[in-house]
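Protein chains in written order, with my numbering: chain A, 39 to 152; chain B, 994 to 1104.
Don't read these hints as lab results, they were simulated from the structure. Since the model is a prediction, treat every value here as computed from it, not as a measurement. Among the hints, a few may not be true.
Under 7 Å between C-beta atoms, here's a sample of chain A residues computed to sit facing chain B [to be verified]:
no.	residue
1	Lys87
2	Gly91
3	Thr144
List time: in silico DSSO-like cross-link candidates among lysine-lysine, alpha-carbon distance up to 30 Å [stated by the list, open to error]:
no.	chain 1	residue 1	chain 2	residue 2
4	A	Lys96	A	Lys107
5	A	Lys135	B	Lys1064
6	A	Lys87	B	Lys1002
7	B	Lys1050	A	Lys135
Ideal placement from N, C-alpha and C gives every residue a C-beta, glycine not left out.
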Amino acid sequence: AQSVTQLDSQVPVFEEAPVELRCNYSSSVSVYLFWYVQYPNQGLQLLLKYLSGSTLVKGINGFEAEFNKSQTSFHLRKPSVHISDTAEYFCAVSDRKNTDKLIFGTGTRLQVFP
Amino acid sequence: NAGVTQTPKFQVLKTGQSMTLQCAQDMNHNSMYWYRQDPGMGLRLIYYSASEGTTDKGEVPNGYNVSRLNKREFSLRLESAAPSQTSVYFCASSPLHNEQFFGPGTRLTVL
Chain A
39 AQSVTQLDSQ VPVFEEAPVE LRCNYSSSVS VYLFWYVQYP NQGLQLLLKY LSGSTLVKGI
99 NGFEAEFNKS QTSFHLRKPS VHISDTAEYF CAVSDRKNTD KLIFGTGTRL QVFP
Chain B
994 NAGVTQTPKF QVLKTGQSMT LQCAQDMNHN SMYWYRQDPG MGLRLIYYSA SEGTTDKGEV
1054 PNGYNVSRLN KREFSLRLES AAPSQTSVYF CASSPLHNEQ FFGPGTRLTV L
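Looking at chain B on its own, in the form it has when it is part of the complex:
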């Protein structure tokens, strides 16, 4: 039981490049989330998916898109990366009405 896995662990992009962050969970959870973590700002929700086939915007969705590919996988795409998107990105999953389980994170630097 791997829990929540994220790939890649580290990534460096140039401004304007695109990339997709992958997330998968093997706990059969309904809900999945993408957060970004910046110093002094805690975790801010980018997008979430309450169930397969649905996605909703969180607090900071601009510049990002998501896909809930199936119940296990939830990807985050940066179409045209900007230096302001330099951050640590966390994926999480949750069974209905319960706490969230987090992946190990992806450290993204945009030059």
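The following block holds chain A by itself, in its conformation from the complex:
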């Protein structure tokens, strides 16, 4: 079974500052990894995903994440945030051989201040 830990429930940051949202996972098998974003009163949309290949994954809106197998981490980064990045961010994992289910972390609320 897999599990996901998002270490920070809230991350406040000023506009144009860099940000890192942390995600660690636990699994006894190989996994696929995802980051989703949820803007207020909306559903989730995919930011980026790691399936295989390069461990540095680039997504939409200038976000990127790095898969670190030895640290079992998949941290999300952006070098310069905007007010419009204010949202909830969810890390998720699925088993490579049984991709029917996604296991979500509890979410990190990114609040960008002017």
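Could you slot chain B onto chain A? The hints should help.
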């Protein structure tokens, strides 16, 4: 291409009432899912359907039933609503072995 649609957007029920949440997708995806989202708990899987005609329990199935009516539609039924079922409900769909696409959600309040 509407993606994943959910109805209704909002609903208020009294304890003991029943209702069905509707979900439809137009992306020809095989798998469909129902989640609930509660503050501080992320998304928890209620039921899922890996293909037309099959359904399986997720993490929190108690108090819910589902129907995979056809490949497009996957409904969630609350037979006797309880205040603990106050939540935001999301439907999602997925092509085989790929990421999930989410609907806009249904905000349900049970008084």
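Do the hints match the structure? See the list:
1. Lys87: Given a least distance of 6 Å, the restraint on lysine 87 of chain A holds.
2. Gly91: 15 Å, violated
3. Thr144: 4 Å, holds
4. A:Lys96 <-> A:Lys107: 17 Å, holds
5. A:Lys135 <-> B:Lys1064: 23 Å, holds
6. A:Lys87 <-> B:Lys1002: 29 Å, holds
7. B:Lys1050 <-> A:Lys135: 19 Å, holds
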